[in-house]
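Taking the hints into account, I'd like the entire structure generated from these sequences.
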Amino acid sequence: MQREYKPDTTIPFWRDERILKILGQIIFALSVLFVGMLIYQNMKAGLAKQGISLSYSFLKGVSGFDIAETSFAYDRNSTYWQAFLIGLLNTLSVSVVGILFATILGVILGVARLSTNFIINRLASFYLELIRNLSLLVFLIFWYLGVFLKLPRVKDAILWPGDIILTNRGVGIPWGIPTASFPTFRLILLGGLILTVVVFFALRAYSQRTGRAPLTLLWSLLTFVVVALVGWFILPEKPLTLDLAFVKGLNLSGGKILTPEFMALTSGLVLYTAAFIGEVVRAGIQSVSKGQVEASRALGLNGFQTLRLIVFPQALRVIIPPLTSQYLNLVKNSSLAISVAYPDVFYVANTIQNQTGRAVEMISLVMLTYLLISLLTSALMNWYNQRIKLVER
Amino acid sequence: MAINEPVLPPITERSNILSWMRKNLFGSWYDALLTILGAWIVYWALSGLLRWVFVTAEWEVIVVNMRLLMIGQYPLEQAWRLWLWLGLLVFLSGNSLAIWARQSKYAVLLLLAPALLSLFQVGAGQRGWLIGLTVTGLVGWGIGRIKPEVLKRSVIAGWVISLPVIILLTRGLSESETSFMPEVRTNLWGGLLLTFLLTVVGIMFSFPIGVLLALGRRSELPIIRWFSVGYIELVRGVPLISILFMAQLMLPLFLPDGWTVDRVIRAMVGITLFSAAYLAENVRGGLQAIPKGQFEAAEALGLSGAQTMIFIILPQALRLIIPILVGQFIGVFKDTSLVAIVGLLDLVGIARTVLAQPAFLGLQREVYVFISLIFWVLSYGMSYLSQRLEERLGVGIR
Amino acid sequence: MRKTYTILSLLVLFALALAACGTAAPAPAPSGETVTVKETVVVEVTSSAPVVVAPTGYGVTLKTVMERGNLICGVNSQVPGFGFVDANGNFAGIDVDYCRALAAAIFGDPTKVEFRPVTAAERFTALQSGEIDILSRNTTWSLVRDTELGGNFVHTTFYDGQGMMVPKDSGIKTLQDLEGGTICVQTGTTTELNLADVMASLNVTYTPAVFEDADSTFAAYSEGRCDAVTTDKSGLVSRRSVLADPAAHEILDVTMSKEPLGPMVRHGDDQWFDIAQWTVFTLFSGEEFGITSANVDDIRANATAPEVRRMLGLEGDLGLKLGLTNDWAYNIIKLVGNYEEVYNRNLGPDTPTYIPRGYNSLYTDGGLLYSPPFR
Chain B
1397 MQREYKPDTT
1407 IPFWRDERIL
1417 KILGQIIFAL
1427 SVLFVGMLIY
1437 QNMKAGLAKQ
1447 GISLSYSFLK
1457 GVSGFDIAET
1467 SFAYDRNSTY
1477 WQAFLIGLLN
1487 TLSVSVVGIL
1497 FATILGVILG
1507 VARLSTNFII
1517 NRLASFYLEL
1527 IRNLSLLVFL
1537 IFWYLGVFLK
1547 LPRVKDAILW
1557 PGDIILTNRG
1567 VGIPWGIPTA
1577 SFPTFRLILL
1587 GGLILTVVVF
1597 FALRAYSQRT
1607 GRAPLTLLWS
1617 LLTFVVVALV
1627 GWFILPEKPL
1637 TLDLAFVKGL
1647 NLSGGKILTP
1657 EFMALTSGLV
1667 LYTAAFIGEV
1677 VRAGIQSVSK
1687 GQVEASRALG
1697 LNGFQTLRLI
1707 VFPQALRVII
1717 PPLTSQYLNL
1727 VKNSSLAISV
1737 AYPDVFYVAN
1747 TIQNQTGRAV
1757 EMISLVMLTY
1767 LLISLLTSAL
1777 MNWYNQRIKL
1787 VER
Chain H
196 MAINEPVLPP
206 ITERSNILSW
216 MRKNLFGSWY
226 DALLTILGAW
236 IVYWALSGLL
246 RWVFVTAEWE
256 VIVVNMRLLM
266 IGQYPLEQAW
276 RLWLWLGLLV
286 FLSGNSLAIW
296 ARQSKYAVLL
306 LLAPALLSLF
316 QVGAGQRGWL
326 IGLTVTGLVG
336 WGIGRIKPEV
346 LKRSVIAGWV
356 ISLPVIILLT
366 RGLSESETSF
376 MPEVRTNLWG
386 GLLLTFLLTV
396 VGIMFSFPIG
406 VLLALGRRSE
416 LPIIRWFSVG
426 YIELVRGVPL
436 ISILFMAQLM
446 LPLFLPDGWT
456 VDRVIRAMVG
466 ITLFSAAYLA
476 ENVRGGLQAI
486 PKGQFEAAEA
496 LGLSGAQTMI
506 FIILPQALRL
516 IIPILVGQFI
526 GVFKDTSLVA
536 IVGLLDLVGI
546 ARTVLAQPAF
556 LGLQREVYVF
566 ISLIFWVLSY
576 GMSYLSQRLE
586 ERLGVGIR
Chain G
43 MRKTYTILSL
53 LVLFALALAA
63 CGTAAPAPAP
73 SGETVTVKET
83 VVVEVTSSAP
93 VVVAPTGYGV
103 TLKTVMERGN
113 LICGVNSQVP
123 GFGFVDANGN
133 FAGIDVDYCR
143 ALAAAIFGDP
153 TKVEFRPVTA
163 AERFTALQSG
173 EIDILSRNTT
183 WSLVRDTELG
193 GNFVHTTFYD
203 GQGMMVPKDS
213 GIKTLQDLEG
223 GTICVQTGTT
233 TELNLADVMA
243 SLNVTYTPAV
253 FEDADSTFAA
263 YSEGRCDAVT
273 TDKSGLVSRR
283 SVLADPAAHE
293 ILDVTMSKEP
303 LGPMVRHGDD
313 QWFDIAQWTV
323 FTLFSGEEFG
333 ITSANVDDIR
343 ANATAPEVRR
353 MLGLEGDLGL
363 KLGLTNDWAY
373 NIIKLVGNYE
383 EVYNRNLGPD
393 TPTYIPRGYN
403 SLYTDGGLLY
413 SPPFR
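Which chain is which? The protein sequence lines are B, H and G, in order. In terms of this note's numbering, the first sequence opens at residue 1397 and continues consecutively. In terms of this note's numbering, the second sequence opens at residue 196 and continues consecutively. In terms of this note's numbering, the third sequence opens at residue 43 and continues consecutively.
These aren't lab readings, by the way, just hints derived from the structure by calculation. Hints may contain errors.
Here are the computed distance ranges between Cβ atoms for each label pair [claimed, not checked]:
id: 1; chain 1: B; residue 1: Ala1444; chain 2: H; residue 2: Trp421; range: 30 to 40 Å
id: 2; chain 1: B; residue 1: Ala1444; chain 2: H; residue 2: Phe315; range: 50 to 60 Å
id: 3; chain 1: G; residue 1: Asn386; chain 2: H; residue 2: Pro270; range: 50 to 60 Å
id: 4; chain 1: B; residue 1: Pro1610; chain 2: H; residue 2: Ala234; range: 35 to 45 Å
id: 5; chain 1: H; residue 1: Arg420; chain 2: B; residue 2: Val1593; range: 40 to 50 Å
Below are the DSSO-like pairs computed for lysine-lysine, each with C-alpha atoms no more than 30 Å apart in a straight line [to be verified]:
id: 6; chain 1: G; residue 1: Lys210; chain 2: B; residue 2: Lys1551
id: 7; chain 1: B; residue 1: Lys1551; chain 2: G; residue 2: Lys215
id: 8; chain 1: G; residue 1: Lys363; chain 2: B; residue 2: Lys1644
id: 9; chain 1: B; residue 1: Lys1546; chain 2: B; residue 2: Lys1652
id: 10; chain 1: G; residue 1: Lys154; chain 2: B; residue 2: Lys1440
id: 11; chain 1: B; residue 1: Lys1644; chain 2: G; residue 2: Lys210
id: 12; chain 1: H; residue 1: Lys487; chain 2: B; residue 2: Lys1417
id: 13; chain 1: B; residue 1: Lys1546; chain 2: G; residue 2: Lys215
id: 14; chain 1: B; residue 1: Lys1546; chain 2: G; residue 2: Lys105
id: 15; chain 1: G; residue 1: Lys154; chain 2: G; residue 2: Lys210
Nothing here was measured: the structure is a model prediction, and the numbers come from that model. Just so you know, even glycine gets a beta-carbon here, dropped at the ideal spot from N, CA and C.
Okay, here's the thing in structure tokens:
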């Protein structure tokens, strides 16, 4: 551009920036391709020497090993692919439960960190500093070996209120068992869900038409709860019977038994991630300028309204992006399950790779799986982020 | 820079202990409830912890295995080389403290840490070295006090060359065993030494790659941009442990027939590649915060694109994100522990072998608490120092 | 403020210089200033340069090992008696001593061996890729491993069988008693597969608790996480001896599988296979002929029996046929000992990991150790 005023000197092509840029890119692309090809060739040659060709067909073979925690029927005659799916479902269940509780605890911590109560404030910041400077792996191993496996044996089980049994074989909690009327109940719940959505949108339309701000979320949730309660009581037979966990011989039985591995992994991830979420929440709340609060009070909004209508929506905009990456971190960190013997997707894939020697296939499959989960989660959170942005304007 | 003199509160708000308690602990009935609950938690946790630390715990496992935990199987007769570079680092720290932390009067106390450590149960040789470290640090501090301005450049140069020096000293010069500094192969590196080296190498090498990737992501050249975006998103989408497994299990297959790469180096490659993607995103954040006017001004001055980046944009962008960078470096430090899962004997890996010794079975709590303490002290120290640095440089205060 | 600027621009220059030699990306040509920095980096790069080893072909491994000046041996670091690290940071165990014997055969110096702890997961890849010269890590000989995993097993050094350990007070006497119980097992092993096989054939339902390494497996068992723990019987014995109360645990009188443990070498180098193989036989024969590290010098001076003379390199040039020197077997026995010495050092009655000899006695004592003739 600057040289245009000197038309008499033509730039030789090796100094012409436009050509250089294109040339550079081509060279770059070619070298990346070349390295990729080289790696692929080496890999193929190396594998061919051992008489192995790249293929995923081995996944149809019989696995031959058992897995501790299975969400569908699985035994040693099942295929590698089924084993992999079990691992995937385990990863997802840890992630979902972990994200739920980490969010709750994180919000509590973030608010506590801003509390005017000296002790609560100090406790929260001490906790944050303590956890954030630990290595998650060490923390998980310690949590598993040093805490959950050091719980008393079954015969000296600790009983907690709410019929919770703590032993080093697992934690037993009460659980519902579906009865004959459960399918009907499920239909009622579905109806309730539809009604809830209707109420939600109706209230929102009302809010947009009138400019009032009804407690949309609260009312819709209440609708659901009412439907569920009505359904529960009008049915001739209770849809769920409560099943308590109890000690049977050397093991726990009944209710729902959460293994120490699951408990250690999930609670470890929750305690760790919550510390980071706490910081995110604190920063989010602090990002709302004091003037906003003062202005809303001046407008006559009460404390709760200020929080709900002014502070929270604005803080949420700041919170969502870092919160997303904390959620993703939790999902990815769940791969440390291998250190606490919980059969998540990474651990199962590792076992399969061990038994079959198919390192390339299994590692790429695992990476692809995590990539997919990550992309889906961030797509979901981005969509939500867009939504709250729109509501703001 | 603003002078930060403490502003005294108005007379009416000055408080004695009772009104302070009333305001901060018992403001309302639920505040009081929370206070009591909090106090109970503090009491319960503290009493349990203290009883365990001083009564129940058997710390002998740590004392006996201190050498393994610190340097792994690194030959003891060569350990002087590690002390030597540790001395260099402490000396440089002393220098830096004197130059860049003139105002903080107590910073120099940090240099007393090695001498304090020597009060614990350590061998006579180690005690000498530890005290020597403190002396070195103090000498460095003293020299720094005398000629701070003159020394600045050489201290920076010292930090820059310290990494190659550390690696060289740790690894040794020649393969023959009779020479002055025989080679110590990487399989003997272990414990905190390995953790430290993995961290430092990971940080140093991921930094340039991360900056390049960040620039690539903002480049107008489509191929470069796609490559950077693809790389960053790919790596950030998968767990570190899968990358480490790939480095350990698949990398050997990627190399031409008959080539092998040391497994410690492989772990370093994995950590570097992983950390670079995250660093790139952080640097991109910094780049985005630079106002367009800076680019335009640089162009108006006749600087080329590369010059603008190197002399105008990057220095500002990097300064903006120092706190984030330090946070990430702490993350790298903590994440290096994952190499234990692929069988390296870093701090965590060596802890597992220590726990396999017949004499110390079942002492997981002691060993892991000790290791957590090391991680905690070092991470906290890093973040504390960076906060001080931010205050000094006025980063984040706009 | 200006100083920070200087630091950072220096860092960036350093960064770019590193990138210039580190990546394929088109980077700005290094200016005079950066070249010096670049040189300091080169030192680093050489220290980490890939080492060329040729993994296959007759005689290649020995040549590589000789040129390198030491043997790289993949071992376990977590099984007392077989391969573990003592408090002084030294490797010890029967698998470890085998590597020392091999180094003694090659170099006449048992210290010229580098031990590389490999996990169960990576052991075969490490061998395939040439990262280790030999795998001596209580590895079970099986058909798949002999073929698909690209290795050859040399003669078994320890005959084992999978067993099951339970707390004595549990009242469990047979595998059927474990119905509904939890069993601790280590992943990536034949043990894990055997357990599933045996329990399926007995129609016993159980829950596995699968751990990544031996330490976690036994730590969990000793905390009472499982009703039983299964691994090779030798492992059970050596681990039981270091439990808090060894007498409180019982190894069931069942053998769930055959577990012949031995060293493994790569496919494709028969000379290396022979050296590894005959190192095992030298250990056996040493015991059979009563040659120990203490009396080997005497015997060599006065030996008359032809086979002993051939083995110790006085006749027949056997060592040269293997590509070694003729005193290779002498070195093994002199520097490491015979099988009995190695066994007693690691698993003998005076060690905490005592295992009775059982199948691992000479054929003359009713065991399975039988060496082909040295001729």
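Self-check item: Violating hint indices (sorted, rising)
Solution: Hint check: 3, 8, 10, 14, 15 fail, others pass.
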